[in-house]
Amino acid sequence: MAWTKKYLRVNLTEGTIKVEDLNMAWANEYLGQRGLATRYLIDEIDPKCDALSPENKMIMTTGPLTGTMASTGGRYSVVCKSPLTGAVACSNSGGLFGAELKSAGWDMIIFEGKSASPVYLSIQNEKAELLSAEALWGKSVWEADAILHKTHQDPQLKVAAVGRSAEQGCLYAAIVNDMHRAAGRSGVGTVMASKNLKAVVVRGTRGVGNIKDMPRFMDATNAGKAVLAENPVTGQGLPALGTQVLMNVINEVGAMPTRNMRETQFEGAHKIAGEAMLEPRKSDGKPNLTRNGGCFGCTIACGRISTIDRTHFSVQDKPEYWGNSGGLEYEAAWAMGSDCGVDDLDALTYANFLCNEDGMDPISFGATLAAAMEMFEDGDLTTEQTGGMELKFGSAEALCWAAEVVATGEGFGADLGLGSKRLCEKYGRPELSMTVKGQEFPAYDPRGMQGMGLTYATSNRGACHLRSYTVSSEVLGVPVKTDPLETDGKADLVKAFQDATAAVDSAGLCIFTTFAWSMEDIAPQVDAACEGEWSVEKMLEVGERVWQLERQFNQAAGIGGDQDTLPKRLLTEGAGSGPAQGKVAELDKMLPQYYELRGWNTDGSMTDATRQKWNLPA
Amino acid sequence: MQKSLTIDPEKCTGCLQCEMACSYQSDGLFNPSKSRIKVFNFHEEGRFVPYTCTQCDEAWCLHACPVDAITLDASTGAKIVNADTCVGCKVCTIACPFGTVNYNSDTGKVAKCDLCAGDPACAKACPTDAITYVDADATGYERMKEWAAKTDAGMTAGA
Amino acid sequence: MHHVIIGAGPAGVVAAENLRKLDPTAKISIYGAEREVPYSRMAIPYFLIENVPEQGTHLRKNDRHYDLMNIEVHQQRVDKIDAAAKALSLEDGSTVNYDKLLIATGSHPVRPPIPGMELENVHSCWTLEDGRAIAEKAKPGNTVVLMGAGFIGCIILESLAIRGVDLTVVEAENRMVPRMMNEISGNLIKRWCEEKGVNVRTSTRVDGIEEGGDKALKLSFNDGSTMEADVVICATGVRPNIAFLEGSGINTDEGILVNPYLETSQADIFAAGDVCQGLDFSTGSYMVQAIQPTAADHGMLAANNMVDGREQRHRGCVNMNVLDTMGLISASFGLWEGSGGDRSALEDYDNYRYLELQFEDDVLVGANSLGLTQHVGVLRGLIQSRTRLGKWKEKLMQDPTRVMEAYLACAQAQA
Amino acid sequence: MATIAHLMPPGEKIANRIDIEVDEGVTLEDIITRFKVAPELAHLVLVNGVYIEPHERETSGLIKENDVVAIWPPVAGG
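Protein chains in written order, with the numbering used here: chain A, 1 to 618; chain B, 1 to 159; chain C, 1 to 415; chain D, 1 to 78.
Simulated from the structure, these hints should not be mistaken for laboratory data.
One should not assume that every hint holds.
List time: in silico PhoX-like cross-link candidates among lysine-lysine, alpha-carbon distance up to 25 angstroms [stated by the list, open to error]: (1) Lys395(C) <-> Lys150(A); (2) Lys11(B) <-> Lys212(A); (3) Lys109(B) <-> Lys61(C).
Given the structure is predicted, the values throughout are model-derived calculations rather than measurements.
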């Protein structure tokens, strides 16, 4: 149980909505959310289809623990084929939306086809209908959110929407829910907009029950919460400083990608770090950070809630940005900060607000801008193309401007919306794109953290830190400390992290719990909630099956082992400073071992034996 | 000393564990929309405010009930809705100036905080101590009571 | 000390209980005209749909409640008050003396001055006895005409519909619940009822009722049309029970006139509840409110002022009502029609949601709502506390559904 | 590191770093003690960006002139 066992199939071409029963045999194999939705996707679309064509489908999906009292049990994911990478896309988000969808009685929604005109899906418990979004098209997420709340006259309505960037075809557009939580990566928002679907609004008042053994579930989730509370990372570190606590740490260990990964340490890191967000500013004596906030059911509450200095050039004439909203997380602060050489905390916060307001993935946005800045400094790009703006590393003005034009798709904003890979190809410098499979890197330089190099190269959705966060082991010592510069044993480490993460992402939980939780903490919660037996072994088995399934999708989409690589810069140019000075990413030392562990051929292709072992669709 | 729920919005992160705990205690499932405690999100202010019945002395709900369905639990001070007696007339929902008695159309009855017979589930579930169950003279509660006095339904003493 | 209360409704019973608290040794007597245990009219509709047994309508559930509180309850009508002698004449001819007297005799249904109102199958729905009779006669398949779509009419609509009768509602005004809901919301309620299969004829009056035809009764309307019915239920409003005060020296207008202490024009005689023309919070004038919360408030205050040495001034009751019309919940507060200030309204006709707020400057003074069941009481809270809304006024002008946030931010200074 | 930044001398918090002079042969444990960092808050200890295992913190001679010592409470992110 824990699943509602019902989902909605919304055919946007026909304008029809059907209720269907969840395939419980698949649920037993893939648990829910990331895994289960991927199983539906691979069954229902041609992996070779154009991601922005009506043939692609978009699945909004919850996990069996979404909407329950399990800590962090409020996640949902968006699964589709990515327009940025051509690979499978699976973006996970918190906030309140996922739990509301579950409480309305739905495990997931499959969107197929394309509407002739802009629409949004409205769900009020069992009542689901497609309504005109003509009045919403061309509006930002924040504007649409306000209009939808007013239209439905319900302050408790939960809204997930795409912004103008998605409408304009920005390839890394996100789906933003609850104003500032996002299914951020791989352009899932672009897919949503390509279907003329502006928003999904949901109000669920049925509640989430269907728990297999409620008393045992309460015991298991309470035990889990106690572990999170007592753990110094999840109990103190994350609530106090959020993920931004890492800015100084990663800089110190020399793995801070800087100025489009030309360098591995950023001299301005301390000015944009979590600590700096607590410093009172001159104008009003208030710090950037107002407080921490939690997503649905989360007892960690790492979220940042911030304001911008009202006297800052970016907002001094825009009072609409003077209030609180989602503040900087580490990846966003890194991408728009260190990677662009910008050390202006308020400019970063403003750009971050715009990413939330118009639904851009701040990692891809920042990294794409960083590549553009490098091309500008090299003379490949000039003010002629940018329309006058000097795209110099370190320019806060350029950053704010870039966020504004990507949001609207105006002028050079359309080029920046292509993502780093296509932008660099367009201007003749493909080697400057710091991407894997077309997706921009996150905030850890693989030269200073070898495990992350293998993580990026093999990630099923392109460069990503959330597919196996070996930073945890290589820098933070969780669960065990490994040497970040060492390659031995990293293939095992990466595989173990990948499998565990896939299981957590399929349960409805947040991956941040794993700074404190092991599968021994998670499996009992799933087992008490869900029918069937969910042991530690079963969970890890599900995790690996999900990973293999995603790989299978990519292979069918034409993305093979040749794309399990890193940009040349990281493979050939040694780090310039810090502990990793002179080091490159030694992918060749780890990849063959990794393929072997996965049961793949030496070229990274899937073997029949492995496909059969995991009961993957042909 | 009688205890009361004390709410400190400064500590609230908006996780809604209290709402789930409340609905689980009352209805056996996780359903924030049926919770007797509600966390309000002031997005622009960056503030979360949990809010529920203060079990005020004036007890407008209790006095307004035409069928004596709301009674005082002497041990906790809670004003309790007796679901068997409540006819669902909703007069208490408009009488309570704090808006903490709500009608549940599924049951046809009204619902309000009953302090879980002296062991409030919301306080136990709160991970940050934003909601605690402590001696009644603690801060915060008093402020809410002051406001209660201000709203007194035309019963202010003195000419 | 002998406190005597005339009337066994909510105002009388609340007063008696509060008197007992404040004056533990006094003698307290209630005289009620009906041959019933004190009960609540509010509960009659729920009795009609068999949601509660008859006992469920009783104001107090414990059979020995009044004995335990040492309150005497008499089922005897009071015919006359002699203020000079501080004495009451009862229907059996006996006399009772009092030291302090509270008149809480409530109101009675008004019957329109048309032919046929005295016929056997024409009923008011006001007393428990009426409820029993209607329950007996409103059988599935019977044609029932409800005269008056006011508060009382609407509240018994559902009970009649659930009984499976063929129902027609006739209302002289241009909408349903005209004294509680404005034209938009009143007509939304009408459409709601029509969708549920009830015939609603607004701007229509019954001109006369006679016996005959296939059914027991034949009605004729002001537009010349006629229809037959098995039962007619009259719910065309109520008036305070003040006729018996004639010659008592107690000043009356629509109801009993009182001062801010709920004292009548005669010393030691107080009035409370539906019969009392008490202070209205919003207008500052004296008017009959005839609602449950006001009855309870009056009862509390009057009892306090009846005890020697205690004195509380009434600040006025907010007029308010909540109504469930076949599942559509409506509410009104204070100056719901507005008083010349700004108004903020959201109208969602498709989903039967409606909320209108009325302001004076940045203070909420009235509200009308449909479909609102969560935190609705804060509308009263904001009105009664006269909270200045400041910047939240503008936010409510944009979106009135944010009223709970406005309340927390302004009234409780929580945000 | 904000949760232990208050242990720094006034005026030094923004940069989160200060120059200190230590005796020869000083151990990391000595430095941690000098700044009154509670043991449970000295979770991540780096010398020139290189992680120092807890058992090495009492080793003398690990720190040389111009070395950068970094001390963090338990942190994580992503």
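Quick rundown of the hints versus the structure:
Between Lys395(C) and Lys150(A) the alpha-carbon distance is near 11 angstroms, which keeps this suggested pair within the 25 angstroms criterion. For the proposed pair Lys11(B) and Lys212(A), the alpha carbon gap of about 33 angstroms is over 25 angstroms, so the pair is violated. Under the criterion of a C-alpha separation no larger than 25 angstroms, the hint pairing Lys109(B) with Lys61(C) is consistent with the structure, at around 18 angstroms.
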